[in-house]
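Colleague: As a plain string of letters, each chain reads:
2 protein chains.
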Amino acid sequence: MSDLVHPVLINGQWKNSAGTSTFQASDPQTRSPLEAQYPVSPWGEVKETLQAAHQAANELKEISPSQIAEFLDEYANRIEDSEDDLIAIANQETALPEEPRLRSVELPRTTSQLRSAASAAKKGSWNLPTIDTSLQIRSIYRAIGPVCVFGPNNFPFAFNSIAGGDFAAAIAAGNPVIAKGNTSHPGTTEIFAKAANAAVTSTKMPKGLVQLLYRTSHQDGERLVSHPLLGATGYTGSRQAGLILKSAADRSGKPIYLELSSINPILILPGALKERQDDIIDDLSSSILLGTGQFCTSPGLIILVESPAADTFVSELGLRMGKTPPGVLLGAGVQKSLIEGIRELETAGAQTIIGGLAIDDPNKGFCIENTLLQVNGTSFLMRPEDFQRETFGNSSLVVRARDFEEFKAIIGSLEGNLTGSIYSHSQGIDDLLYNEAESLLRPKVGRLLNDKMPTGVAVSPAMNHGGPFPATGHPGFTAVGIPASLLRFSALQCYDNVRQHRLPLELQDKNPTGHTWRLIDGTWTQADI
Amino acid sequence: MSDLVHPVLINGQWKNSAGTSTFQASDPQTRSPLEAQYPVSPWGEVKETLQAAHQAANELKEISPSQIAEFLDEYANRIEDSEDDLIAIANQETALPEEPRLRSVELPRTTSQLRSAASAAKKGSWNLPTIDTSLQIRSIYRAIGPVCVFGPNNFPFAFNSIAGGDFAAAIAAGNPVIAKGNTSHPGTTEIFAKAANAAVTSTKMPKGLVQLLYRTSHQDGERLVSHPLLGATGYTGSRQAGLILKSAADRSGKPIYLELSSINPILILPGALKERQDDIIDDLSSSILLGTGQFCTSPGLIILVESPAADTFVSELGLRMGKTPPGVLLGAGVQKSLIEGIRELETAGAQTIIGGLAIDDPNKGFCIENTLLQVNGTSFLMRPEDFQRETFGNSSLVVRARDFEEFKAIIGSLEGNLTGSIYSHSQGIDDLLYNEAESLLRPKVGRLLNDKMPTGVAVSPAMNHGGPFPATGHPGFTAVGIPASLLRFSALQCYDNVRQHRLPLELQDKNPTGHTWRLIDGTWTQADI
Numbered sequence: 069m070s071d072l073v074h075p076v077l078i079n080g081q082w083k084n085s086a087g088t089s090t091f092q093a094s095d096p097q098t099r100s101p102l103e104a105q106y107p108v109s110p111w112g113e114v115k116e117t118l119q120a121a122h123q124a125a126n127e128l129k130e131i132s133p134s135q136i137a138e139f140l141d142e143y144a145n146r147i148e149d150s151e152d153d154l155i156a157i158a159n160q161e162t163a164l165p166e167e168p169r170l171r172s173v174e175l176p177r178t179t180s181q182l183r184s185a186a187s188a189a190k191k192g193s194w195n196l197p198t199i200d201t202s203l204q205i206r207s208i209y210r211a212i213g214p215v216c217v218f219g220p221n222n223f224p225f226a227f228n229s230i231a232g233g234d235f236a237a238a239i240a241a242g243n244p245v246i247a248k249g250n251t252s253h254p255g256t257t258e259i260f261a262k263a264a265n266a267a268v269t270s271t272k273m274p275k276g277l278v279q280l281l282y283r284t285s286h287q288d289g290e291r292l293v294s295h296p297l298l299g300a301t302g303y304t305g306s307r308q309a310g311l312i313l314k315s316a317a318d319r320s321g322k323p324i325y326l327e328l329s330s331i332n333p334i335l336i337l338p339g340a341l342k343e344r345q346d347d348i349i350d351d352l353s354s355s356i357l358l359g360t361g362q363f364c365t366s367p368g369l370i371i372l373v374e375s376p377a378a379d380t381f382v383s384e385l386g387l388r389m390g391k392t393p394p395g396v397l398l399g400a401g402v403q404k405s406l407i408e409g410i411r412e413l414e415t416a417g418a419q420t421i422i423g424g425l426a427i428d429d430p431n432k433g434f435c436i437e438n439t440l441l442q443v444n445g446t447s448f449l450m451r452p453e454d455f456q457r458e459t460f461g462n463s464s465l466v467v468r469a470r471d472f473e474e475f476k477a478i479i480g481s482l483e484g485n486l487t488g489s490i491y492s493h494s495q496g497i498d499d500l501l502y503n504e505a506e507s508l509l510r511p512k513v514g515r516l517l518n519d520k521m522p523t524g525v526a527v528s529p530a531m532n533h534g535g536p537f538p539a540t541g542h543p544g545f546t547a548v549g550i551p552a553s554l555l556r557f558s559a560l561q562c563y564d565n566v567r568q569h570r571l572p573l574e575l576q577d578k579n580p581t582g583h584t585w586r587l588i589d590g591t592w593t594q595a596d597i
Numbered sequence: 069m070s071d072l073v074h075p076v077l078i079n080g081q082w083k084n085s086a087g088t089s090t091f092q093a094s095d096p097q098t099r100s101p102l103e104a105q106y107p108v109s110p111w112g113e114v115k116e117t118l119q120a121a122h123q124a125a126n127e128l129k130e131i132s133p134s135q136i137a138e139f140l141d142e143y144a145n146r147i148e149d150s151e152d153d154l155i156a157i158a159n160q161e162t163a164l165p166e167e168p169r170l171r172s173v174e175l176p177r178t179t180s181q182l183r184s185a186a187s188a189a190k191k192g193s194w195n196l197p198t199i200d201t202s203l204q205i206r207s208i209y210r211a212i213g214p215v216c217v218f219g220p221n222n223f224p225f226a227f228n229s230i231a232g233g234d235f236a237a238a239i240a241a242g243n244p245v246i247a248k249g250n251t252s253h254p255g256t257t258e259i260f261a262k263a264a265n266a267a268v269t270s271t272k273m274p275k276g277l278v279q280l281l282y283r284t285s286h287q288d289g290e291r292l293v294s295h296p297l298l299g300a301t302g303y304t305g306s307r308q309a310g311l312i313l314k315s316a317a318d319r320s321g322k323p324i325y326l327e328l329s330s331i332n333p334i335l336i337l338p339g340a341l342k343e344r345q346d347d348i349i350d351d352l353s354s355s356i357l358l359g360t361g362q363f364c365t366s367p368g369l370i371i372l373v374e375s376p377a378a379d380t381f382v383s384e385l386g387l388r389m390g391k392t393p394p395g396v397l398l399g400a401g402v403q404k405s406l407i408e409g410i411r412e413l414e415t416a417g418a419q420t421i422i423g424g425l426a427i428d429d430p431n432k433g434f435c436i437e438n439t440l441l442q443v444n445g446t447s448f449l450m451r452p453e454d455f456q457r458e459t460f461g462n463s464s465l466v467v468r469a470r471d472f473e474e475f476k477a478i479i480g481s482l483e484g485n486l487t488g489s490i491y492s493h494s495q496g497i498d499d500l501l502y503n504e505a506e507s508l509l510r511p512k513v514g515r516l517l518n519d520k521m522p523t524g525v526a527v528s529p530a531m532n533h534g535g536p537f538p539a540t541g542h543p544g545f546t547a548v549g550i551p552a553s554l555l556r557f558s559a560l561q562c563y564d565n566v567r568q569h570r571l572p573l574e575l576q577d578k579n580p581t582g583h584t585w586r587l588i589d590g591t592w593t594q595a596d597i
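Residue numbers (our numbering), protein chains in the order written: chain A, 69 to 597; chain B, 69 to 597.
Just so you know, the hints here were simulated from the structure itself, not pulled from any lab data. Mixed in with the good hints there might be a few duds.
Identical copies carry no separate label here, and so any pair may be met within one copy or between two of them.
[To be verified] Below, computed lysine-lysine pairings styled on DSS-like, alpha-carbon distance capped at 30 Å: (1) Lys191 x Lys578; (2) Lys512 x Lys191; (3) Lys272 x Lys83; (4) Lys272 x Lys578; (5) Lys272 x Lys520; (6) Lys512 x Lys129; (7) Lys404 x Lys578; (8) Lys432 x Lys512; (9) Lys520 x Lys391.
Every value quoted in this text rests on a predicted model; they were computed, and no experiment measured them.
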């Protein structure tokens, strides 16, 4: 392969790929392909990364959590050193604005996640050390083995396969990562990989701790997630590709954590509409259009009960969205899929209030008009699956229920989602309706919000960025929030009658840090035994 | 269907099944079918249980954990009231001895599990309430919805689908249970179901809290575990049937927790053999033959390094096993499969040291001779999968490694197991070998033991009765040990900016019991906020 093709990172070395095909990313603002060529790695190369990761996993057993934390901190520092380069290329590859998005929001979030993960690794409480002193049985969650991370297109930093939340969680839990870069921002990913590899070297970590492949065949992706040497997979992306990987991983018994799709229903109760319609329109239009609607938690479905106030609300919301200039989408694929989604909603019976068309001005990049559609509840309930098609981008669907009974039936027909929001009157006028709506919505969403849009996903220990299938693959895990997100990349390991000096430090009588939380004989404590 | 066919328990009512086919259990001691006929339920009946369970799940939302605990305690009391009946019929259906097994060990364990689960439900710490006071984000693990439990043949009480560990965990986590009884002990299961239903009535629980079907078609089993109204499944049984259910559940994104098969390797290091050969022979022969070897944690593979001491050990172990009278197996199917397994091991190249044949004396019930086989390490490594075939029953395979390198290669070739034991010299002579062996064995097993047989599975908060695939379906969960086993039957639910009075009690500022453990701003505490 030509020297012009960018190399892949395997076992600490940047190597020319043995692959024979390549791909290029595009600049969504100019719709032109970017010059840099990246390789499609053949199976032999994937296997090489697996073997190096397996070796690294073995070496990691001898490395302390605080050394792992040093690596994560050092990597965060190096990312800050490369800040300008990262922002420039991410802006070019994704069209996400430099300010405030890339520089003031997403990059600081990324380094902060890495540092929080470092701190969680050092503290050691994430792994729930549990000790039964009378029976001499002790257990703990520990590293599961090499983790493959598939990053999404919409967060080139904070969910990047080699720098984002899954990466940070997998490393902090003690695992090597094989990053499968998102093909829409390979240049961004490459800069991260250089910083990561430099941090690997300077903190003397195993060479195979962090590796990067840009692309493989779909078949090789399936082989990768189901390979005996792999521990687990973290995937964020389209439902279709995710389900194919899930099926392969499931067959081989390899854990795979997926974040697939979500339309994040917003329920607006009558009292709230009456009390603060303008505020809700502000919140909602901003949230729908944030990042050109390309958030996993973007509100794609707004449900309300028919009324004159609802009429006004919907038309005002449309006007507001129409006045906002549409942002540039992440790429041609996103634009195409979004337009297809809108056409499918229309075919199913939705009516376009505003927007709905692609903007065919090459100077404007990949854009569509800000789009708001509506459908009545009766039509929705005839084809609930069709109307829950995710339109990833700056588009949302309003469902107008005839009455509260229909409103409840609509909630009852919802699929699993990451989030669900309920807006209600601040003085309790809606509380009876709230109770009924909440009881139907609660089991369908990972995070339930009151009077708040779901697009902010705080990195809090109490966060759940997860939810029932098909939003994710398992309702018991979160992809955001430290330390809980680390548990995905670990296995429960029990020690029965094992001699004291052979136990992991966290399970020995003495508290390894003096402040690690351990559940000893039913009591959470930071004390020694 | 004839009135002679025993009824099924649906939504609190004992009803004649609409099914047209029936089955009978057998007495393993006489090899004769028992008189009682039990129905194979058609899909309509399965659907009816699903709907009743769904209704019960909704009703449970309004029922406090302490009421659930009352039910569990009351059920445990009623089981004790039925003790003699349970023991008589379980003995008849399984041939497991009344004493000590059924009366002094398994029944007390069963009621104790139910009471521990009650206590965990009441205390409320199992669900890891996590609160971020500054961001007003709070999360907790909560009921996942109706749980279907498939119980195994080998523990008619402690793992019974309607009384065992999965049942207790699912109920304590706030879910209704649809029990799919094991077809080898329907009469035992029926008595439990009567006690459970009486406890449902007397503690005023939802009618559909506990339901029982004895059998369905395989196809309907797949529909059940993947049904939209189901929350999750707990399955303990054969690998083959389990993997079919897993595939159906995985496709629909429904969590399924499986305990499939395990051969529980025992590694004996040279120093241990030298130091206490006789003790190890005692332990090992008892453990292999406990319950006629029909334990999920029965030691099916013994690995040691060739030496004159190893020669003596193996022949002494064989002699000891040969002197012990063989127990009666659970049924014709177990006997057939065990004999087939032994033949397959022999075909693969194993040599029978003692036993190996079925005992064809109708007066002795379903028996085979206590069986010990051996194979050299080189042969094992040529066909490691064939030699890891589980022989469920009173049979075990010794692998004799040429040297320590081969010993390690054998460990490296092992599949996932529930347990792995290492016997080593008490004064540290084996410690270097231990370290190498442990590093290879640890990632392959859920519970690692020192100098101890794995057949005792204590109900401890620190227990892990789980392990990597194919021992189970996911290495992060345990089927034994309260409260951890409850987490399998829950979903992570987050509340973001939700008003105080709308939060679950466990997440409100005031500690709901005064002693529930909650992680508040990074600190585990029993205090209020």
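Colleague: Tell me, in ascending order, the numbers of any earlier hints that this structure violates.
Modeller: Violated: hints 5, 7 and 8.
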